[in-house]
Structures are given as structure tokens and as C-alpha cells.
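*Asks:* Each chain, letter by letter, is given below.
2 protein chains.
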Amino acid sequence: VDPGTDGPLVVVGGDAAGMSAAAEARRCDPRRPVVVLERSEHVSYAACGFPYWLGGLVDERDDLVAHDAAYFRERRGIDVRLGHEVAAVDPEARRVELAGGGRVPYGVLVLATGARPALPDVPGTDLPGVHALRDMSSAIALGAALDRLEGGGSALLVGCGPIGLEMAENLCRRGLRIHLIEAADQLAPALHPDVAAPVAHALREGCATSRVDVDLSALRPAPAGRVEAVVDGVPEVHDLVLLATGIVPNAGIGAAAGCRTGPRGALAVDRACRTSVPGILAAGDCATAWHRILERDVWQPLATTANRQGRVAGRTACGREDLFPGILGSWVSEAFGVTFGVTGLDEPAAAEAGFRPTAVARTGRDRSGYMPGATEVCVRLVYDAPTGRLLGGQTAGGRDSANRLRALAVALTARLTVGELAGVDAAYAPPVSALRDPLELAAAAAVGDAP
Amino acid sequence: VDPGTDGPLVVVGGDAAGMSAAAEARRCDPRRPVVVLERSEHVSYAACGFPYWLGGLVDERDDLVAHDAAYFRERRGIDVRLGHEVAAVDPEARRVELAGGGRVPYGVLVLATGARPALPDVPGTDLPGVHALRDMSSAIALGAALDRLEGGGSALLVGCGPIGLEMAENLCRRGLRIHLIEAADQLAPALHPDVAAPVAHALREGCATSRVDVDLSALRPAPAGRVEAVVDGVPEVHDLVLLATGIVPNAGIGAAAGCRTGPRGALAVDRACRTSVPGILAAGDCATAWHRILERDVWQPLATTANRQGRVAGRTACGREDLFPGILGSWVSEAFGVTFGVTGLDEPAAAEAGFRPTAVARTGRDRSGYMPGATEVCVRLVYDAPTGRLLGGQTAGGRDSANRLRALAVALTARLTVGELAGVDAAYAPPVSALRDPLELAAAAAVGDAP
Numbered sequence: 001v002d003p004g005t006d007g008p009l010v011v012v013g014g015d016a017a018g019m020s021a022a023a024e025a026r027r028c029d030p031r032r033p034v035v036v037l038e039r040s041e042h043v044s045y046a047a048c049g050f051p052y053w054l055g056g057l058v059d060e061r062d063d064l065v066a067h068d069a070a071y072f073r074e075r076r077g078i079d080v081r082l083g084h085e086v087a088a089v090d091p092e093a094r095r096v097e098l099a100g101g102g103r104v105p106y107g108v109l110v111l112a113t114g115a116r117p118a119l120p121d122v123p124g125t126d127l128p129g130v131h132a133l134r135d136m137s138s139a140i141a142l143g144a145a146l147d148r149l150e151g152g153g154s155a156l157l158v159g160c161g162p163i164g165l166e167m168a169e170n171l172c173r174r175g176l177r178i179h180l181i182e183a184a185d186q187l188a189p190a191l192h193p194d195v196a197a198p199v200a201h202a203l204r205e206g207c208a209t210s211r212v213d214v215d216l217s218a219l220r221p222a223p224a225g226r227v228e229a230v231v232d233g234v235p236e237v238h239d240l241v242l243l244a245t246g247i248v249p250n251a252g253i254g255a256a257a258g259c260r261t262g263p264r265g266a267l268a269v270d271r272a273c274r275t276s277v278p279g280i281l282a283a284g285d286c287a288t289a290w291h292r293i294l295e296r297d298v299w300q301p302l303a304t305t306a307n308r309q310g311r312v313a314g315r316t317a318c319g320r321e322d323l324f325p326g327i328l329g330s331w332v333s334e335a336f337g338v339t340f341g342v343t344g345l346d347e348p349a350a351a352e353a354g355f356r357p358t359a360v361a362r363t364g365r366d367r368s369g370y371m372p373g374a375t376e377v378c379v380r381l382v383y384d385a386p387t388g389r390l391l392g393g394q395t396a397g398g399r400d401s402a403n404r405l406r407a408l409a410v411a412l413t414a415r416l417t418v419g420e421l422a423g424v425d426a427a428y429a430p431p432v433s434a435l436r437d438p439l440e441l442a443a444a445a446a447v448g449d450a451p
Numbered sequence: 001v002d003p004g005t006d007g008p009l010v011v012v013g014g015d016a017a018g019m020s021a022a023a024e025a026r027r028c029d030p031r032r033p034v035v036v037l038e039r040s041e042h043v044s045y046a047a048c049g050f051p052y053w054l055g056g057l058v059d060e061r062d063d064l065v066a067h068d069a070a071y072f073r074e075r076r077g078i079d080v081r082l083g084h085e086v087a088a089v090d091p092e093a094r095r096v097e098l099a100g101g102g103r104v105p106y107g108v109l110v111l112a113t114g115a116r117p118a119l120p121d122v123p124g125t126d127l128p129g130v131h132a133l134r135d136m137s138s139a140i141a142l143g144a145a146l147d148r149l150e151g152g153g154s155a156l157l158v159g160c161g162p163i164g165l166e167m168a169e170n171l172c173r174r175g176l177r178i179h180l181i182e183a184a185d186q187l188a189p190a191l192h193p194d195v196a197a198p199v200a201h202a203l204r205e206g207c208a209t210s211r212v213d214v215d216l217s218a219l220r221p222a223p224a225g226r227v228e229a230v231v232d233g234v235p236e237v238h239d240l241v242l243l244a245t246g247i248v249p250n251a252g253i254g255a256a257a258g259c260r261t262g263p264r265g266a267l268a269v270d271r272a273c274r275t276s277v278p279g280i281l282a283a284g285d286c287a288t289a290w291h292r293i294l295e296r297d298v299w300q301p302l303a304t305t306a307n308r309q310g311r312v313a314g315r316t317a318c319g320r321e322d323l324f325p326g327i328l329g330s331w332v333s334e335a336f337g338v339t340f341g342v343t344g345l346d347e348p349a350a351a352e353a354g355f356r357p358t359a360v361a362r363t364g365r366d367r368s369g370y371m372p373g374a375t376e377v378c379v380r381l382v383y384d385a386p387t388g389r390l391l392g393g394q395t396a397g398g399r400d401s402a403n404r405l406r407a408l409a410v411a412l413t414a415r416l417t418v419g420e421l422a423g424v425d426a427a428y429a430p431p432v433s434a435l436r437d438p439l440e441l442a443a444a445a446a447v448g449d450a451p
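Residue numbers (the numbering used here), protein chains in the order written: chain A, 1 to 451; chain B, 1 to 451.
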């Protein structure tokens, strides 16, 4: 990127990465014009909050909107253009072609085109009663369908990753009977079975049933707007089907413009968020991200990464030197009262990266056992056997377990060994922690200093 | 310590440090006899839990007892002798003299004699209505006094550190009117005023009144077993007075035996918990501890340190090489719904240690702002201006803030800079964290990457 290039900064896509890039560029260089082209009518919303709005925990859809287009226009001086879909990029002429006709010239372009649902390869995914959650429009459509059901009916949720589980809990809140199905052999397949066990247990206590290792082969229209799903060869009829089977990057426009692609077809970017094409940056779910432990680019779309890469792209666009610090693949989710999450590598990924991983798991209480409300937290640590270097961690338990993931993420960033982690002098008080926290116990067990 | 020395391992004191040492020694060397001499009738109890038992949150006093003497005798093969007070140690003859007569020979001695209340230097601290919380006997006495008040009356709490505040909350639970007084100029004087502010606010919303910068000059008997306290020269009468004015190490026996003493008169120990006298180890509240950031010995008695030093002493007693990893001075407390705590250094301590400290504070929400129950967390970071090295952190907020302290403790252990801390890829989900956590915001602000 040549920051001296004439022409405005143009951002394609107005959610987490795009608006972060636009706002950061305004901060760094208040004189450079910034244009955001957003194909929908919505910018800067918290897609991660959709389940809670759909479940009724969050009252108003607008509560999920950090700032609307008017705010960005009037208060931040960003030229946000809604309903502007970009059809193509001409990197030689440095301009974008709009789907509705017209062109917008750019000095620097930031592609923040996000991702779209990866639909299962079965007929019927486009039926009216079949939903997939991604952007605000999809959330509004699902919300309208739920309103029509008036707190009853049955929903088939396809995919038991974090989003599927969050939606299961929240559709339960709406009074639906939930039937979860998963092609893999367990719920939350990204978790080790030991860590997934409390999640599965909580689900069984909730209002949802689940089946794993099952095959969805077709979706068909049924009477009264319902949907017939063929699961392991047997048809069953539901009021609503929600597909939570992952996402794929929206890399088409960038790739067509000549940007090199990386893992999973995402736009390959360096740590300054530059693509391979001069003048074009990319950030967020459409782009790759550098992994701190693997020390290579991966595609693992998350809101945290989108937000952070967006800021980096905004700075790069202004000629500021700033490198994306890299990801650890950290995510967390909560369903049916259990918080579960991951940071760093699991054993297969660690082995593939050339480590010699081994693991230890311990379950302990999140506060002193005699305190009311004490709940169990399972901590599983993956580390390199020859060196003791911590490579990853997973937790499941009460709400606090998320912040144990934060401590593990710090340890991974610092390349601590499990022995060093075991020696950390962490604060203790009966209402908020155990004298020896499960995290400490697991690390200590790895070095033979705990039962 | 010569692990080959004949004679049993004798431990003086049967709480956190002592029983940890005894149990660890049994694990390391099942053949060596282990004797624990405890002057009271109680071993291995959670003194940190007293406020919650006294407040009625914990039903039974026995809930605070991890294991009783019978368990240690029968299940762990440890010769626990209750009601055995040690009067002196003869390091030449390697034996202890009991206050009640008799001697016990030792091969290795572990002094785990704890600490005692540091009473204010005013007349009347020994009146029947005046309490100080330290060991199980003192908790039982205070519990009996509360029972006699039958859920009414007024209590004067002297000292507004963590214990004073925890007791204030719990005596409120018992229906008492609480009057807190503090000689320093704020509540929780160890906290920076910015971090102490939410604590003071919560206290005002609670059932307690507080006065700072006040002077207690005398305690006098009043009719009906009540106590008259002279505060800033004015007498006031309370049903009960609780002194929470700190503690001092019980180092007398060790010092008399020739053990060198260190800061605050505590028994000076090396990182293997050896005192200066051959054959004598010390651990817990009676001993010093190595500070990881200051890189020198300090006296900062905490249950976590007692537990950990006890294990190190048990291993040293068995001839195992093991070094205490050192403390960060981490503590946490909760009162009136606010959790507050510290890890590492504040600015005065950092400056005294030769750093050039500066600080940054940010307040943010503990989860996404649109989620029900989102509460504010204040994070204050102290770092070395020339290098950016993180030197300490303080937090106040909801219950989760304790686990932000854990992440900071990991960062301090790893000697991260604030810039590195700002770049940590921590997990995010709306119910359990904000997209940019207050901890990340504070670290990012320190390097100019946050508002």
C-alpha cells in the first residue's frame, strides 16, 4: 500500500472488520476521505449477539447495533453507503464496480466482505422454512419465523458447534422443542471428549434432544410451511430447520481481482493486512490470519480477529506501521449454563505442526467447595512433552471458566511451560476461586506436582 | 537440611503451611515419620472462609475443615498431636520443648507457626466484647458473640482492608448495623483510589457506614457487656468491636532458636524454605517469601503462599530439590458485590525497586453491553515507562474480575510488556466477555491503541 496514493479509502463491507478499518483510518488520518460500501441496510452490528436477541434475552434488535450509519456519517465523517453491493474490483484502474451500476475510485481498498453459511450439500436448503444465521437480514428472517410460531413448535438444528448450541439454548427460551443433529461423533466436535462431556450433560438436562453421528440427506417441503428432513434415511417433520454447519469466506471479489488466496480459499494477507495485489487490503472473515503458535496463516473467522485486523488494516491504509499480533484460535461459548472454549492447539494440530503433544485434564471447583454456588470447571492442557511448552487449553464449566481461557491465552502468548504456569501466584478468595484453581491443578499435574 | 538425618520430620503448626508440609513429606517419603504439633484442637481449616461461616453463607463450621486430625492420623499416617504448644527449639540437640513439659526430637523441623493479630496500640483491646479474627478459636468466640446478639445490635469494625470489608458484608448478613473505621484516608488502602472507588460505592449502598482518616484512641467497658470506643476523641458504644488491623508473624520460637529474621521480623527463608539454622525450615505466615518482580524477600502472608511454601518445605525435608517459584503479592477479596484485588506492584513499590512506573486505568463491561447483568470492571495497570514491562495490576468489578487478575498474574510471571498483553488473542462471547475486554483496553491504551 502506498499511503500517498490519491483517492479515498474505500471499504467493502460495513460490519466488524470494515467499520473498524474505517474508524481507525479516520483516527490515524482525519484528512483522508473514507467510503464504506455496504450491500445491506445494516452496519456495525454484533452478530455474536443474534442468539440472545432471538432468544429474548436482549429486548431490542437495535441493542445489537454499536453505531448506525447516521452516527458514522455525522459523528465520524465516514461516507457510509447502504445498499451498495460491489460486483468487481479493477485493481489497475483502482476502482470498484457496483452491482447496481456505477463506479467508485479508491486510493486504498479494504475488502471486509465477511463470510457466508457453508450449507450442507443436500437438496432443499433454500426452502422457506430453512434458515441459516449469518447477517442481520438472516437474523431478522429467523426472528419473524419464530414470532409466527408463537412460542411453540419443533426446530431441527443441524450442527452442534458453538453457534448451534447457543441457538439451541435460545430457541428453548422461546418455547420450542429442539432437536439437534450432528454429523460428527460428539457435540461441540472441536472440544476434546473430556471437555465436551459437561456440555452434553447440560444439554440433556435442558429442553433439547441431540443425536450425533447422523446423516442429513434431504430437506423437503411439508404441509403448512413445515419442513421434512431426512435423517439417517428417516423423514421427520419440523416447524423450522436451522443450519449451523459452518461458514466459508466471501473471497470471490478479491480473488477475481487477482488477490492470492490461502487456506479454505480465504484472501491471503500479511500481518499488515495487505493482499498480494497493490492497493488492496483485506480483514476479517474473508481473510486469513497469522497463527502465533503454528507460525503460519490459517482461516479461523472470529469477531475478535475481525475487529483487530480491521484496526490494523485502517492503520496500514494510512501508512502506519503496525502488525497484526496473530491469533491463538481462542473462542468461547455458553449453552445451558455451561461455558466452554478453546485457546491454542489441540493434539492433532500440535502434532501436525511438529510438536510432540501430550495432555493433562483436571476438574476442580471454581471457588472454595464450601461456598454456595461452587461449580466444577474442567481444564485440559496440551503441551509439548520434550520441552513442557504449553500449546493449548480447553475449559468447560461455570461462567468464570472463560476467564481461565484468558489466563491460558496470556500463557500461550508468552510461550510459558506448564511448569511455569503451575508456579503462577494467582489471587485467591473463597467466593471467587479455589485455593488451588483447576487451571493450576492441571498445570501442576503435568509436572507431577498435583494429585 | 540433611535429608539423611535421623529422626522424624516435626511440624509446628497444623494449618495451611504445616499440614501441606506434612502431607507432601508423606507423599515424597512414605517411610519418614511425620509429627505435627498443634497447640489448638483444630487442624487444616480454611481461615479465609471464616467470614462466610460467621455471616451464615456457610452452614457448618466443619465445612471449613478440609480434613480433621483423625483423617491425617488414620488415612495419611501423620502423627497429629493436638493441644501441643511448643515453647522452644533446641537446634543443637534437634528437639523441641513443649509448653506443657516434655520434648520431641526431630530430624528436620518445619516451623509453620503462622501469624497473630497486630492489635492497635490502645487500651482495652483485651476486653471481652473486643474480637480479632485469626484462628479457629477466635472465629468460634466471635460466632458465639454474634449468636448472643440474635441478629441485632451494632458492630464497630476497625480496619478497612480486605478482611474488614469481608467481615462488614457478612456481619450485615447477620443483621448487625456496621460502622467501619479506617486510619488511612480511604477504604481498602492497598488499592489505588480509582480502583477503590467502586468498593466504596458498593459499601455505601450496603448496610454499613464508614469513616476514613479517623483515630481510635481507646476501648473501654460499657454496661451490659458492650464496648465504648473513642473515635476522634468522641466516645461511642457498640455491642461488639472487631479489630481487623493486620497481622504480625509468629516468629518468636524460631528467632529464639537463632533463625535469622527478615522483613517485618518474619523468619527469613530461602526458596527451598530453609532458615539460617541447619535442620529448621519455615513456611507460611511466619516466614518471608521471595517476590518475583522485586527479586528479594518480602513478608506478605497469604493462604496461597502458605499452601505452596508448605509443599516446598515438605519436599525439602525429604531431600527433594524444589524451589518456591515466588510470589507476586496477588490477593483478591469480595464485599457488597464488588470483587477487588491486586497482583504485582503499585507505583510506590515499583519506584522503590528502581523501575520508572507509570499507570493506565480503564473501565469497561465484563460482557457485551447488551447482555443482561453486564457490570463494569475497572482495570488499572502499572508498567515500566522505558520498557513497557507490566509491573502490576489492580481490578474491581463483578465476580469475574478475579480471573482477570489471574491473566495479569500470568503476564507478570512471563514478564510481558503492556504491548504484548494488548495483543493477546483472548476468547470472546457475549455472555462472558466484551469484544474488547477492560484488561485489553487498559493494555492497549498504554500503547496508544485504544481510546
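Possibly wrong hints are sitting among the right ones.
[Said to hold, decoys possible] Take a look, some chain A residues computed to stay more than 12 Å from chain B by CB distance:
1. Arg61
2. Arg148
3. Leu149
4. Gly175
5. His192
6. Val230
7. Val231
8. Gly233
9. Leu302
10. Ile327
11. Ala361
12. Pro372
13. Ala407
14. Gly423
15. Ala444
[Stated by the list, open to error] To give a feel for the contact side, a few chain B residues facing chain A, derived at Cβ under 10 Å:
16. Gly161
17. Pro162
18. Leu302
19. Arg406
Worth flagging that the hints you see were computed from the coordinates, not collected in a lab. Quick reminder that beta carbons are idealized off the backbone N, C-alpha and C, glycines included.
*Asks:* Each hint: holds or not?
*Replies:* For each hint, the structure was consulted:
1. Arg61: Since the minimum Cβ distance to chain B is about 10 Å, arginine 61 of chain A lies within 12 Å and the statement is violated.
2. Arg148: For arginine 148 of chain A, whose nearest Cβ neighbour in chain B is about 24 Å away, the distance exceeds 12 Å, so it holds.
3. Leu149: holds (23 Å)
4. Gly175: holds (19 Å)
5. His192: Consistent with the label, histidine 192 of chain A stays out of reach of chain B, its closest Cβ about 16 Å off (over 12 Å).
6. Val230: holds (33 Å)
7. Val231: Its Cβ never comes within 12 Å of chain B, the nearest being 29 Å, so this holds.
8. Gly233: holds (36 Å)
9. Leu302: At about 8 Å from chain B, leucine 302 of chain A fails to clear the 12 Å cut-off, so the statement is violated.
10. Ile327: Non-interface label fails for isoleucine 327 of chain A: nearest chain B Cβ at 5 Å, not farther than 12 Å.
11. Ala361: holds (18 Å)
12. Pro372: violated (6 Å)
13. Ala407: violated (4 Å)
14. Gly423: violated (3 Å)
15. Ala444: violated (9 Å)
16. Gly161: Constraint on glycine 161 of chain B not satisfied, violated at 13 Å.
17. Pro162: It holds, given that the least Cβ distance between proline 162 of chain B and chain A is near 8 Å, below 10 Å.
18. Leu302: holds (7 Å)
19. Arg406: Hint holds; arginine 406 of chain B Cβ to chain A Cβ min 4 Å, cut 10 Å.
Checked against the numbered hints given earlier, this structure breaks hints 1, 9, 10, 12, 13, 14, 15 and 16; the rest are met.
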